[in-house]
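One letter stands for each residue in the lines below.
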Amino acid sequence: MWRDAGLVAGRDLRIELRSRVALWQILPFAVLVLLLFAFALGPSRQALRQSAPGLFWLAVLFSSVLAAQRSIAIEGTPATRELTRLLGLDPAGIFLGKALALFVELVVLEIVLLGGIVLLFHVSIATWLLLLATCLLAAIGLSSASVLYGSLAGGARTRATLLPVLVLPVLAPVLIAGTRALSASFVGGGPDGLRWLSILAVFAAVYTVLGIALYGPLEESS
Amino acid sequence: MKRTLRRLLGPVAVALVALDVILGLFVTPPDIEQGDLVRLVYIHPALAWVALYVAFAMAGICSLLYLWPRTRSMTYDRLAASAVEIGVVFTILTLVTGSIWGRPTWGVWWTWDARLTSTALLAVMFLGYLALRRVPADPHVRARRCAVAALIAAVDVPIVHFSVIWWQTLHQGATVLNSNLTPTIHGLMAWTLLLSFVAFTLLFLWMVLVRYEIETLDEGEEDAELADALEARRQEGAPA
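Just so you know, the sequences run in chain order A and B. Note that my numbering has the first sequence beginning at 1, numbered continuously upward. Note that my numbering has the second sequence beginning at 1, numbered continuously upward.
Treat the hints as calculated values from the structure; they're not laboratory data. Only true hints are included.
Sample of chain A residues facing chain B (criterion: CB under 7 angstroms; computed from the structure):
| hint | residue |
| --- | --- |
| 1 | Thr-158 |
| 2 | Leu-162 |
| 3 | Val-165 |
| 4 | Leu-166 |
| 5 | Pro-169 |
| 6 | Val-170 |
| 7 | Ala-172 |
| 8 | Pro-173 |
| 9 | Ile-176 |
| 10 | Ala-177 |
| 11 | Ile-199 |
| 12 | Phe-203 |
| 13 | Val-206 |
| 14 | Leu-214 |
| 15 | Leu-218 |
Owing to the predicted nature of the structure, the values given are computational and were not obtained by experimental measurement. For glycine and all other residues, C-beta sits at the position ideal for the given N, C-alpha and C.
Let the sequences and hints guide you as you build the complete structure.
Written out as structure tokens, the structure is:
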């Protein structure tokens with residue numbers, strides 16, 4: 001399972017590196033979302049700083065839906081399906097690999113967006129460790145849930161509109177907990193942040209386990 | 001058997017709802033504090049009970065039964081879908097009646113209370129499930145997808161609930177729901193309240209049964225159409 005996961009993750013990341021779609025479309029989109037939020041809120045420093053954590057996670061959420069759609073589209077092509085069957089890859093491994101690749105993409109995205117809100121929204125970071133844990137745990141939860149729902153959302157024609165409707169309400173806890181933990185890391189509130197980290201951790205664990213268990217039956221049926 | 005049950009259930013449910021309306025609107029006394037507003041207690045909690053517990057539990061259990069290989073049957077898939085479809089209606093009615101109640105008692109149509117927020121999210125998840133059902137696919141593929149979707153959404157509900165409760169309590173003052181939702185009721189009011197729960201639960205079950213039958217007929221019709229089309233093609237090939 002782990003070997004298959006490594007193979008699939010390597011393949012997905014290599015495709016992203018070569019096609020540069022994530023780099024030239026998804027990353028600029030995320031930064032654009034930040035800019036648009038600033039336009040909507042006005043240039044007041046106070047307002048921008050206060051809403052920065054929430055806007056950060058909204059930008060991550062929207063971009064992660066885009067990234068997940070790409071990741072699932074790779075799996076849907078007939079040639080890939082044939083190759084996957086011929087290689088006898090473990091479905092749980094495929095799920096883990098895809099989630100891992102998406103996780104790496106999301107972490108890169110989070111780093112860029114963090115730079116964005118520090119520069120544009122005038123926030124300063126007080127607790128680095130809390131920030132790191134929040135970003136990593138949220139990325140695990142987001143990538144697992146998105147890959148799982150991506151494989152649910154059916155063929156290419158419907159996925160573009162269906163996936164956001166399905167996955168965004170489910171991701172609401174990540175948005176809430178991520179926002180609170182991030183603002184705690186900006187003001188240096190340790191215990192408060194830990195509490196929110198626990199929600200992120202539970203979410204990440206639940207969706208990773210569900211994905212490993214359910215990805216196989218879902219894929220073989222479609 | 002099912003048909004007689006449905007035929008019996010319908011009139012009984014409608015009659016009980018009518019009785020609930022008459023008792024709630026005309027017979028029970030107005031509340032000292034809330035006046036006539038208290039009459040919403042004969043609709044709103046019962047709707048919420050059906051939407052958040054009966055419909056949701058039914059969809060979850062049926063999805064689980066479908067996924068379990070030994071009990072796999074399209075019956076559970078259709079039941080789950082019917083429960084969700086009627087559940088959406090009840091969830092939206094819960095939100096609407098809650099809003100109507102909230103406006104005069106709290107002064108706002110909507111408050112970011114934990115219960116309201118989770119109910120709204122649940123309604124959106126239900127809608128997502130129905131959208132997923134509309135995606136054209138083989139019935140068994142669709143059934144499996146929908147069952148998995150219902151199950152992972154069900155797992156999400158407690159996480160949503162906890163995060164929203166924490167979010168709410170850490171973000172705003174204490175909730176206003178509890179102080180208002182537990183008026184001291186007794187006598188006729190308590191009986192009418194109880195009646196409303198029974199009436200709306202029966203109404204829900206009846207609607208689910210009707211929806212289930214429509215779903216079954218619909219699938220039968222699709223199969224028949226396919227058979228007709230195949231037969232027509234065969235006729236084309238046959239010598240005249």
